[in-house]
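Chains D and Z are the protein sequences, given in the same order.
Residue numbers for the first sequence, in the working numbering: 1 to 662.
Residue numbers for the second sequence, in the working numbering: 1 to 161.
It should be emphasised that the hints constitute simulated quantities derived from the structure, not laboratory data.
Remember, it's a predicted structure, so these values are computed and weren't measured experimentally.
The beta-carbon is built from N, C-alpha and C at its ideal position, and this holds for glycine as well.
Warning: the hint list may mix true and false statements.
Claimed, not checked - Pairwise CB distance ranges (calculated):
(1) Pro48(Z) x Asp294(D): 22 to 30 Å
(2) Leu57(Z) x Glu516(D): 40 to 48 Å
(3) Asn505(D) x Lys132(Z): 39 to 47 Å
(4) Asn27(Z) x Leu331(D): 54 to 62 Å
(5) Pro478(D) x Pro48(Z): 26 to 34 Å
What the hints assert, rightly or not - A few chain Z residues facing chain D, derived, Cβ under 8 Å:
(6) Gly20
(7) Asn56
(8) Gly59
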Amino acid sequence: MEVSQYLNVFMDECQEHLQTLNQSLLALEQDPENTEILNSIFRAAHTLKGASATMGFNKMSNVTHELEDVLSLLRQNELQVSAELVNVLFEALDLLEVLAQGIAEGREEDVEITGVIQNLQKFGNKERKAGPTQTEERRKTLQLRYLPAEIEHIKEMASTGLTLNHLHVYLQEDCLLKGARAFMILRELEAHGDVVRTIPTSKELEDEQFENEFIIGILSKKPLDFLVRFLEKMLDVAKVEGETISPEALLVERRGVQTNANTNGDPDHQKTSYTKAPSNVSPTVRVDIRKLDDLMNLVGELVITRSRLEQLSSEKGDQIMEETVEQLSRLTMDLRDQVLKTRMVPVDHVFSRFPRLVRDLARETGKEIQLQITGAETELDRTVIDEIVDPMVHIIRNCVDHGIETPEERNALGKPNPGTVELNAYQAGNNVVIEISDDGAGLKLDKIRAKALERGVVSAEELENMDEEEISNLIFLPGFSTSEKVTDISGRGVGMDVVKTQITNLGGIVQLQSVEGEGTKFTIRLPLTLAIIQTLIVQLGNDVFAIPSTLIDQTISVAKKDIKLLRNREVTFHRGEVIPLIRLQEFLEVQEAKNMALDELDVVVVSNGERRIGFVVDTLLRQQDVVIKSLGAYLGNIPGIAGATILGNGKIALILDLRSVA
Amino acid sequence: MKEKKEKQEETTQIIVFKLGEEEFGVNILQVREIEKLDQGITRVPRAPHFVEGIINLRGEIIPIVDLRARFGLTLPELGLNSRVIIVEVGEALVGMLVDAVEEVLRIPVSAIEPAPTITKGVDSYFLAGVAKIDERLVVLLNLERTLSPEEEKELNEAELG
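Next up, chain Z with everything else stripped away, as it sits in the complex (with noise of 0.2 Å):
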């Protein structure tokens, strides 16, 4: 089927970012907008450790969250290239804080492969999969689970893990 059917074949939309050096992506269908970061965060005293702060998006409060603290990686100060991918999760808007923005890339559903237990450093519990496109390997996040903040517990479990 996979041969007859070729130029037909489910494919999906992904978002590419960076992370230090390793590239992620996320469902281009969960993507608001991307901003630059030249506002400025707003610290939340007291909010969980990998919530960066508040930014005013045209007058709504979005939260941003630091995918690096997030995941309990150790990576260099954000840099010019750094970006916020806003995301819908659910029915609240949130902003991940990214090194950098790469492209959007097309890819066949059937390159998508199960997260092993630990892929690049990130516990497969906030994974949707790895996609093997060509020598790349992009590690697909899952959002609702990357970004609840209710996964406190499994975090820490992730981290200490």
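Just chain D, same shape as in the assembly (with noise of 0.2 Å):
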């Protein structure tokens, strides 16, 4: 089999199976008894199994194996769910998710499983027998089905007087050789009826693969009480049990089900997990991301000759012409939000990894935290989504080590225990909001204070001035960390400049705010899609450009005698502040430029957040939503440029990242 093509595939279903596990791993720890979860579990263990089976993937398949068959001790009530099947359970999802990955770059051999599997085989075997296996319960569990072909043969065989028994055979406990002992049962029986069918098979019977009994379905013409005088006087055999079945009293074995004793658990359970699909599904198709992107590029080519029509069209000043131009306006506008939105995913995609984290967090901790989470469903252009993965788990980190307080402390404080942490999600305009917020010790804003002055990241005299939200903003500074004892969770000191820089390449925007003693409340900003933005215009000697309207703060007008230097530079004084002055052109490095001999200048005012910077431009042209394209790996990485994009006349104009500089 040509693998290659299918591993996109597998590591699609892959990813959903690992995060199903995840989820209902969780879900079980919380509800143990829930059958239904740990079916889902289960289905989920059983379809990796086999897909990474069929795709060769050993270390994966055996890993899988190993887990399916404690869950299915589990479904079986022969082992109940502890703190440390659970943990041991999470193990092996963590496993599986690094031989993913180790998959997905071709090196699966290079991931060491014998821990693990090792741990799981302690809950597969040997603590089997810890369970409730008390004889009354397991009775329960060993039941005879047949398959429907055999169901005839003994409908048929009724006709002519024979009758079906099952005898329920339990061997002495210190039998020695029980799988030989079977066997000998068996032959012995045969000479008086058919044996129909056993459980476990009588395969497993000589394999030894089974306690102390086992049932036989046997059609004969003797009476009852005979076969289950004959089995009494065998050697080993303790007691037996026999009982008449009628062909319409037999239990019917489904497709797919094992037909080993291990798995054969009340009729209910096997319903559950066999013949209820998953429910709120509805069909979807599997599509390459990279013909998304192909759509999105053909759909931004349609929105670029649409404006050039609608250009041509007002020139001719034909009514008609006018009116339909119109129309094809509306339809390429809703073609293009449709095809934004098949790019759109969930947040619930990202959010739906954080239960763990914050459980994983909260043991390593020893705090009591619960996860409320709102808004899951709300939607993000793909591309973001993953982006915004890593900054989430940082701040999320951030909540439980240094926001939530240990249970004593709470206690002492009156506060409920357990801490929460909330994620919520919702769009905005343009934008989606995501707040992250918890209700721990909040900052100290003394405490960043002081670590501000001896970092000196601000002067005492800037700090006078601040007030606390902007103080509470200064741990986003490149090297700011407050913890007091370093923590292997957070507290590196590398941390929420990172996440600011991550949001910020985004095109987002990070908020804190923070009451001390109450908790803390991080709100990211992020844009719908990092396709299409929105930017202006602004024209510098022959060449046009576009700002991304996120970063634009105001746009002003400036004449040239309200210019000032100081230490050498031009600055402006706008209601009361300074903004620092730079011409664009030599942002750019770039020769031509009108501005400098004008008496009005247009200032395109920037904000990263903390400071305001006025780019000086030679005209501003207007407002534009544009398509985003890369320069690629050639020009991609040029400070202070974004990329590029292409305008109604065809020309390209370049999208302007001004944020490095300000």
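Join these two chains into a complex; the hints should help.
Structural data, given as structure tokens:
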């Protein structure tokens, strides 16, 4: 089999199943009795086992196999959900994630799996007996089922005077060579009738894969009494229970259900596991993200062509033509919105991994924490979703590590236990807002002030003029960490500044509000999509440039006489604030520009959240939505240039990223 | 063997173009298309010096490399015959600015020889070989190296040497 062409599909499914496992395990930990959750875990593990075995990923299939063994014991109530067991299961799940990563990178073989396998086997084999395996309970789980064809056969035989008897044989506890004994019993019994089926199967009996009991289904002319007494006389047999079964009362074995004793739970159990399809999932088609990107590009082209057509038709002044173009415009925009929507993914994709994170962090730190998630259905562009994970993980780690107090501290403060971390997402205009809040200790402003001075990130004078929120936001500056003890969760001194950079790179903003003693709230504001952005088009010399509107604070007009020199740099005063000015041509290191000769200057004021800088251009042209195109590997890393776009007239405008200056 | 199978001898096709008066060639399999320069090139501030700018090729943004600057050759300004050869390098499309495109040649692989250290002012680092066809000498480019954005260092060394 040519593996590579299926690898993507496999990896996608793998991720889905791993996610299911993760979510379900968390749920199971909370609700150990819930068989439905258990079944969904089992299904996911089972599917993964099959898929990885088919693809030839042996290590993954080994691990899932062992996992499945443990899970099937759980399903039969032969094993109880315990904290230790859940940890082992999580460990296995983590390993599967590492293996998936390894497979993606083509180095599955390098992953070490023996430790986890041993832990699983400990539960899978040894502890099997530790569960509630009293005979009474076990008897219920031993049930003979028949294939439809066998039932037909039995019915036929019944009409010829044969009866079907179930003989439940219990061997003596000290019986040696149980397998051989069972084999002997079956062989002797063949003399008195036709053994249709046994549970466990005859092969398993021979291989000694059973405890001390088994059931034989036999078609015989002999009365039940005779058969029971016949078996009771045999060596090593402790007890025999017999029952005559009418063909109508036979249990049907469903296809796909494993036939060995270990998975034959009660009938209801099996019904839920095999007939219940995933419920709240609408039919979907899996599409390569690149196809969506191509589609997006084409729509981008269409939007551009539409602008050109609009221009032409307005020049012509033909009313019918103008109306038609207008209609085309509306259709184009609808199409664009729809295509954008296909790229949207619910933030649940990211949020769903956090319950696990919070659980693990809570255990590590010995804190009691509940995670509340709202707005997980809010949608965000795929490209943004992928990038938002890291910063969010970091913030959540901080909430748990620095925010939430230990249970003792919370009790002393009269705060409720467990502490709460809340994730909330919602759409606001062209932005998606994600809030991460905790009801923990909040930031200690005094400590931040002291640290900021110590690190020299601000002067004492600057600090004087800052309000509480500004002080809180100092933690986003490079090299800032106020944690007193360095833990391996956070407090390594890299962190919040990285978070800020990552979010800013997405065209987003992160802010922080904190009330000492009451908690902290991070607010992340992200653009809905990275593909189309709103820009201000400006002219400089003979070229036009696009400046993303998200960066722009305001545009102002400055008279030449209002430009002052401060430390040899141009500045202007605007509403009592000093705004440093930079001529765009200097920033871009280009020659042509007309603004030096102008008396009234157009200035675009750009803010990066902390500082504001005015960029002097030649002319402000218009606002325009543009499709971002990457400049590729060749020119992709030029500071100050985020990409390019094609304007309605076919000309290229560079998209400027002015934050790198501010 | 060469005598026996003259007709079936392995051949390759190259596109021959001019930088100044010298003839260069690229494997035709790597060439996507050849464009006139009528739309103008948008300059990119702070780009490497050998990148002339970018063009809009039916909605795709393509960087344009000035081979003369890349090889450190001093040559006259672009003229009417100037063309952009759009080539595929890895997954990316890159345009090469040349003075003129001459013809497509089918040449026997055996006519290609390794390039000397410096050929017509171009460092052999950038070259795939030299093809001798009758009296002509066509310098074949190694596009991966010629158009790699990461080889600035070697380029500078080449310029110095």
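Ascending list of hint numbers which this structure does not respect: 2, 3, 4 and 6
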